[in-house]
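Enquirer: Sequence:
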Amino acid sequence: MTTVLTPIRAADYAVALFLAGLQAQSQAAFQRQANALAADAAQETGAAQSAIAARQDLADQADDARDVLGDLVRRAHFIRDRLDDAKAQAWKSQAGTDDSAFTYALAFNAAINSLIDQAEDSGDSPNLLGAQPQDTYTFYTGLNRATRSVSRTYLGTDYVLDVSDGTSWVRDRGYAPLLRELDANGDYTGEIASVSGGVQLDSLSGTDITFTVAPETADARTLSGTLSRDGLEVLDAWLYDGLTTDDGRSRAQDDLNAAKVIVDIAIAGFEAAQVRAQYVADRAGEDISALNGTLGDITTRQALALQELQSQSDVKLALVTSAVENAAALRAEYTKLFGGADTAQGAFTQSLIDISV
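Position 297 of the sequence shown, counting from 1, maps to 297 under the numbering used here, and the rest follow consecutively.
No lab work stands behind these hints, which were simulated from the structure alone. Just so it is clear, the structure is predicted and the values come from calculations on it, not from any experiment. A virtual CB, placed ideally from N, CA and C, is assigned to each residue, including glycine. Keep in mind that a hint or two might mislead.
[To be verified] Simulated restraints, written as ranges between beta carbons of each label pair:
id : residue 1 : residue 2 : range
1  : G166      : T103      : 35 to 45 angstroms
2  : A303      : D264      : 52 to 62 angstroms
3  : D64       : A110      : 26 to 36 angstroms
4  : Y188      : T138      : 31 to 41 angstroms
[To be verified] With a Cα cut of at most 20 angstroms, we get these calculated EDC-like pairs of lysine to aspartate or glutamate:
id : residue 1 : residue 2
5  : K260      : D85
6  : K92       : D241
7  : K260      : E271
8  : K87       : E233
9  : K260      : D84
10 : K260      : D117
11 : K260      : D71
12 : K92       : D246
Produce the complete structure using the sequences and hints provided.
Expert: Below you can see the structure in the form of structure tokens.
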């Protein structure tokens with residue numbers, strides 16, 4: 001019977017030391033293989049995370065582009081609606097009277113002023129609809145840094161009256177729909193005229209124009225020069241005879257129809273770019289979802305590999321441990337059978353056992 005007081009035999013101690021060393025070697029081998037698996041998984045994870053980050057940047061930038069372009073589309077549609085409003089006033093004025101003509105002209109000018117305000121909205125940067133030159137708006141369409149650019153399309157409207165004496169009259173809508181006179185140096189002279197009743201068209205042929213400032217007053221001045229247009233090239237109602245003549249209304253309708261074509265072309269371009277930005281954002285989102293799935297697969301695959309590695313290590317250690325313990329037990333039985341090791345015969349027998357076992 002073996003108790004805590006039973007002396008430890010050298011053979012048993014040797015077996016215990018051997019098994020302890022064997023277990024340490026097994027654990028070290030497992031750890032080396034586990035570290036290799038972790039390194040491979042970390043490399044795969046890092047690559048997937050880098051790919052996700054690149055696509056997230058692309059998606060964020062495409063989302064921004066979609067919003068910018070969507071706002072351009074919204075504003076352009078607003079401008080188109082105001083052109084329709086102006087057309088409606090020109091059409092209604094056909095059935096108007098002398099008393100109502102001024103009202104139609106005011107409503108016409110209000111629609112034009114509204115579309116100008118929308119085009120010149122300073123809330124967007126860059127403002128691709130205003131009069132001031134702007135940098136093109138560019139956004140990335142791929143991971144290869146391919147880009148798509150959208151250029152400014154002036155969807156406001158403006159005109160200048162260059163008088164033969166070197167002065168000019170320009171719009172000033174900062175406070176009210178006014179015309180202001182500039183001298184030959186481009187400085188304000190202080191003279192102003194309201195586009196609603198303060199100026200009168202006398203004749204217009206091509207770009208040649210004659211007009212009267214402060215008509216029907218003692219200060220009336222008749223001036224001649226050239227008319228130049230910008231943007232949608234729609235004029236104020238006074239340049240269409242205040243919508244009181246067939247010729248004036250016809251010219252207004254023609255200019256408004258031409259302006260709508262310009263706006264429609266701009267809207268089509270903005271919408272096409274918006275669709276492209278949406279596609280880029282959607283595609284990047286799909287890639288990100290797939291890569292997130294890949295990250296999950298990497299984690300699962302690593303866990304299964306570690307589990308299999310641990311199982312194999314445990315099986316190998318158990319087999320070797322069992323073999324060693326069986327050999328130790330067999331040696332103990334041989335020792336009992338042939339005698340102890342404390343006699344000459346026992347020592348010789350123990351040597352034979354050590355060799356055989």
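Enquirer: Now, for every hint given, state plainly whether the structure supports it.
Expert: Each hint tested on the structure:
Between G166 and T103 the CB atoms are about 37 angstroms apart, so this pair conforms to the stated range of 35 to 45 angstroms. Between A303 and D264, the C-beta spacing of about 59 angstroms keeps the proposed range 52 to 62 angstroms intact. For the hinted restraint 26 to 36 angstroms between D64 and A110, the CB-CB distance of approximately 34 angstroms keeps it satisfied. Taken as a hint, the range 31 to 41 angstroms holds for the pair Y188 and T138, whose Cβ atoms sit roughly 38 angstroms apart.
Simply put, K260 and D85 have alpha-carbon atoms about 12 angstroms apart, close enough for the 20 angstroms limit, and the pair holds. A hinted pair counts as satisfied when its Cα atoms are at most 20 angstroms apart, and K92 with D241 qualifies at roughly 15 angstroms. This hinted pair checks out: K260 and E271 have alpha carbons roughly 16 angstroms apart, not beyond 20 angstroms. Between K87 and E233, the direct Cα distance comes to roughly 14 angstroms. Compliance with the 20 angstroms bound is thereby established for this hinted pair.
Between K260 and D84 the alpha-carbon distance is near 8 angstroms, which keeps this suggested pair within the 20 angstroms criterion. Using a Cα cut-off of 20 angstroms, the hinted pair K260 and D117 holds, with the two alpha carbons roughly 17 angstroms apart. This hinted pair checks out: K260 and D71 have alpha carbons roughly 18 angstroms apart, not beyond 20 angstroms. In summary, the hint linking K92 to D246 is supported, as the alpha carbons are separated by about 12 angstroms, within the 20 angstroms threshold.
The structure fails none of the hints (numbered hints given earlier).
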